[in-house]
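Chains as they are written, first to last, in this note's numbering: chain A, 1 to 289; chain B, 290 to 565; chain C, 566 to 923.
For the record, the hints were derived by calculation from the structure and aren't laboratory data.
Here are the simulated DSS-like cross-link-like pairs (lysine-lysine), alpha carbons at most 30 Å apart as the crow flies: (1) C:K884 x C:K861; (2) B:K396 x A:K3; (3) C:K795 x C:K830; (4) A:K8 x B:K477; (5) A:K193 x C:K699.
Covered, in the sense of this in silico footprint (three residues per stretch, anywhere, with C-beta under 8 Å from a C-beta of chain A), are these stretches of chain C: (6) 649-656; (7) 708-717.
This structure is a prediction, so every number in the text was calculated from the model and none was measured. A virtual CB, placed ideally from N, CA and C, is assigned to each residue, including glycine.
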Amino acid sequence: MKKTVNQKAWFLVLPVLLLVGFSAVIPLMTVVNYSVQDTFGNNEFFFVGLEWFEEVLQSERIHDALGRQILFTGIILMIEIPLGIYIALHMPKKGFWASACLILVALPLLVPWNVVGTIWQIFGRTDIGLLGYTLASLGIDYNYTQNVLDAWITIIVMDVWHWTSLVVLLCYAGLQSIPSAYYQAAKIDQASKWSVFRYIQLPKMMGVLLIASLLRFMDSFMIYTEPMVVTGGGPGNATTFLSIDLVKMAIGQFDLGPAAAFSLIYFLVILLASWAFFTIMTNIDKEEV
Amino acid sequence: MNNSRAKTGFFSSKSPTIMLIYIVFLMLPVYWLVNMSFKTNEEILGAFSLFPTNFTFDNYIVIFTDPSWYWGYINSMTYVVMNTVISLLVALPAAYAFSRYTFLGDKHLFFWLLTNRMAPPAVFALPFFQLYSSVGLFDTHIAVALAHTLFNVPLSVWILEGFMRGVPKEIDETAYIDGFSFFAFFTKIFTPLIASGIGVAAFFCFMFSWVELLLSRTLTSVNAKSIAATMTKTVSASGVDWGVLAAAGVLTLIPGAIVIYFVRNHIAKGLSLGRV
Amino acid sequence: MAKITLSNLAHSYVNNPAEDDYVLRPLNHEWDDGAAYALLGPSGCGKSTLLNIISGIITPSEGSILFDDTDVTFADTTNRNIAQVFQFPVVYDTMTVRENLEFPLRNRGADEKYIQQRVGSIARAIKVEDILDKKARGLTADAKQKISLGRGMVREDVNAILFDEPLTVIDPHMKWELRTQLKALHKELKHTMIFVTHDQTEALTFADKVVVMNGGHVLQIGTPEELFEKPAHTFVGYFIGSPGMNVFDASVEADIANLDGNEIKLDETYKKLSGKVELGVRPEFIELCEDGQGIKIEIDRIEDVAHHKIVRAKYNNKKVNIIVPEDVKITPTMNSMRFKSEGVNVYVDEWLVRGEIS
Numbered sequence: 001m002k003k004t005v006n007q008k009a010w011f012l013v014l015p016v017l018l019l020v021g022f023s024a025v026i027p028l029m030t031v032v033n034y035s036v037q038d039t040f041g042n043n044e045f046f047f048v049g050l051e052w053f054e055e056v057l058q059s060e061r062i063h064d065a066l067g068r069q070i071l072f073t074g075i076i077l078m079i080e081i082p083l084g085i086y087i088a089l090h091m092p093k094k095g096f097w098a099s100a101c102l103i104l105v106a107l108p109l110l111v112p113w114n115v116v117g118t119i120w121q122i123f124g125r126t127d128i129g130l131l132g133y134t135l136a137s138l139g140i141d142y143n144y145t146q147n148v149l150d151a152w153i154t155i156i157v158m159d160v161w162h163w164t165s166l167v168v169l170l171c172y173a174g175l176q177s178i179p180s181a182y183y184q185a186a187k188i189d190q191a192s193k194w195s196v197f198r199y200i201q202l203p204k205m206m207g208v209l210l211i212a213s214l215l216r217f218m219d220s221f222m223i224y225t226e227p228m229v230v231t232g233g234g235p236g237n238a239t240t241f242l243s244i245d246l247v248k249m250a251i252g253q254f255d256l257g258p259a260a261a262f263s264l265i266y267f268l269v270i271l272l273a274s275w276a277f278f279t280i281m282t283n284i285d286k287e288e289v
Numbered sequence: 290m291n292n293s294r295a296k297t298g299f300f301s302s303k304s305p306t307i308m309l310i311y312i313v314f315l316m317l318p319v320y321w322l323v324n325m326s327f328k329t330n331e332e333i334l335g336a337f338s339l340f341p342t343n344f345t346f347d348n349y350i351v352i353f354t355d356p357s358w359y360w361g362y363i364n365s366m367t368y369v370v371m372n373t374v375i376s377l378l379v380a381l382p383a384a385y386a387f388s389r390y391t392f393l394g395d396k397h398l399f400f401w402l403l404t405n406r407m408a409p410p411a412v413f414a415l416p417f418f419q420l421y422s423s424v425g426l427f428d429t430h431i432a433v434a435l436a437h438t439l440f441n442v443p444l445s446v447w448i449l450e451g452f453m454r455g456v457p458k459e460i461d462e463t464a465y466i467d468g469f470s471f472f473a474f475f476t477k478i479f480t481p482l483i484a485s486g487i488g489v490a491a492f493f494c495f496m497f498s499w500v501e502l503l504l505s506r507t508l509t510s511v512n513a514k515s516i517a518a519t520m521t522k523t524v525s526a527s528g529v530d531w532g533v534l535a536a537a538g539v540l541t542l543i544p545g546a547i548v549i550y551f552v553r554n555h556i557a558k559g560l561s562l563g564r565v
Numbered sequence: 566m567a568k569i570t571l572s573n574l575a576h577s578y579v580n581n582p583a584e585d586d587y588v589l590r591p592l593n594h595e596w597d598d599g600a601a602y603a604l605l606g607p608s609g610c611g612k613s614t615l616l617n618i619i620s621g622i623i624t625p626s627e628g629s630i631l632f633d634d635t636d637v638t639f640a641d642t643t644n645r646n647i648a649q650v651f652q653f654p655v656v657y658d659t660m661t662v663r664e665n666l667e668f669p670l671r672n673r674g675a676d677e678k679y680i681q682q683r684v685g686s687i688a689r690a691i692k693v694e695d696i697l698d699k700k701a702r703g704l705t706a707d708a709k710q711k712i713s714l715g716r717g718m719v720r721e722d723v724n725a726i727l728f729d730e731p732l733t734v735i736d737p738h739m740k741w742e743l744r745t746q747l748k749a750l751h752k753e754l755k756h757t758m759i760f761v762t763h764d765q766t767e768a769l770t771f772a773d774k775v776v777v778m779n780g781g782h783v784l785q786i787g788t789p790e791e792l793f794e795k796p797a798h799t800f801v802g803y804f805i806g807s808p809g810m811n812v813f814d815a816s817v818e819a820d821i822a823n824l825d826g827n828e829i830k831l832d833e834t835y836k837k838l839s840g841k842v843e844l845g846v847r848p849e850f851i852e853l854c855e856d857g858q859g860i861k862i863e864i865d866r867i868e869d870v871a872h873h874k875i876v877r878a879k880y881n882n883k884k885v886n887i888i889v890p891e892d893v894k895i896t897p898t899m900n901s902m903r904f905k906s907e908g909v910n911v912y913v914d915e916w917l918v919r920g921e922i923s
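Pulled out of the complex, with its shape left as it was, chain A reads as follows (with noise of 0.2 Å):
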């Protein structure tokens, strides 16, 4: 559809404009004016140029959380994109089941965070949950607070029954859309059932995979809740991902200089990785053509 140019749109625009400016812009603000600035206490502030960005840049501890958060997201998405794909094509289409279905695998997502932090946090209990139990009584030596594996392998697969279904739900809209001319069509063709999905299938989801990725990358970068109520970032700080220590800083230490410099720079990486991702994937589109 061809766009008539309007600067009169602007007017539309404005609501969204002021709302979103007043929620990010002013609270960004104070985020960049704490930045740059040390106190002496008592609420005295002192400018000292980019000093904090130089002391988060050069951090340790932030790097090892950058770490484990690159480490925890390439996980995340290597599982969930697959399974997701796996189980859209499963589903049924029609009837009964279908909504049954639909319902059942978006529950999930409607839990709150922190309600699925506890869920799992008693789940993985060897005393009184079903997951814990059974692993000692199979004889798995298991314990998620204290034992680094089992506390990755524990928010790993909280992460992917959580929000598995997102990309599940998604990318079932996207297989629905396919007329089913095409299927008749790869039927005479005598296409086997890979070259079906290679094909016709995949294709015609990668509106909807991008979309999916994209969402999961940013929301697993940020992930705060769910880690938190488990482990807490534990054992020691062996799932301290990047949210949990922006917000130790801040909150927990009151180190506003760094927090704020840490609250910018790990902004920008989210900007600058969502970007490259983004334009990755639209061109693996464009190049098609």
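Given chain A, work out where chains B and C should sit, using these hints.
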């Protein structure tokens, strides 16, 4: 001669095992939560049982009778509904502008909007706290509702714009020729056409606002305390009140399940008609 | 190439259907090997259902269908060796044109040299040689439809090629071009082709024989000439021709038809007719004449359509269309109509009745 053998097309159901396994995987933790909600704390901590030996409604009774508990739910529902309404009201005209017009800086504005969705709440926790405190809105529903618009408005604009693009401009022009004012056109003609888009956007607004913890806890203390924040009070010096916590958790699932049930037809159809 | 036989074929979506539940009423028909057929009819008449039964997408609830005497009623689409072109282009977007055309042969494990040879000859036939190595995604709708078609023809042993309103998404000026190419292809390759459409021009120009359908019934199967001159059903007469056939209530005795007191001599003599009797006369067979020389009508307006004029009139408050050749001058006193007897058909309960030539 009657051919009664039904032909199954390419959509024929493959073995349902995979779906079954996945759903069982999803439901196990939920089942465990429900299981615990009907047990007493002694039973939960004392022994492991797949089904409550002493089935009790006590935990639920606590929640329904203790004001600080049920107010948590009411508060959450309040700000979630406020947020959904505000987000949609603001996003609709903006999405319309993006889908119909080009104007100076439109692409940049759109991208800037999306970046807000990428903002880590952790970054905004402290600034929001200071901001809303300074204007006297700390511990109010509107504060949380506004704070959540940070990520819900961009998402709504993103979703709605996709749907609006699917409605041809000719419909707008015909309406104007027929004498409709912009407002009348928008409410009487345009809105029904994008109904499933509004449904999808509303669903996501509801979902993301209902489940968010960090901001809703930071910005409230007593009056507007969200259910998520209220639940943290089960952890006290005397230990964790698992039974009540579990019951509270189960109750938080219900509004979401209801919402999904009502939009189930819109979601699949809606998601496929829009951006995808 | 195969002869297709329909034996007591019918389809309904309910069990134990009543008369009205049939989407496709029982029919028996044999389609000649190598002929071009059109299935013509309005939306919902059952033509797409019939096409899908032939291609195997739908299994008929009654009757059977045979390809060259082999019963394929329950055979899967894959095993019927047919090709189908759909209403919108179905191509594999991520592949090039060449890869699209190769696809069916590759799936059968054909020899590489054979594949290249077949792809080459089909590409020449449908004129896509210059875009063979382009990605299918960015092409125009008509190019994509040609590729859909090509993919169907690349297998030499295809039994029939089925078209389901394939020109729907094509630009009007390309429609003519594609239709011509399809006709040429048919002449060259002699596949059995079945073309579903609701556009009579497409049907009449493309097909050797046209199957006219309405409400699940097959009303008539014949050449375009037969359909025009002797429509077997009033619907056929009305649907074909522009404008369609005029229908008048009348009574008939022997070789005289009586239209509200006006007597018309018929070419054939009829036995006693019982039921609703109507006369069907095409606009081309009605003459405009002077007052008193024919049946009085009321002229609403006259449309000039270059090669002829269409007179829109009313008789007994029913619409009548008359085609007047462009060389005939219409004067204000010409307010009556006369039928040319060779164009007058008699219908009882909407079906054509033949009499004896007098």
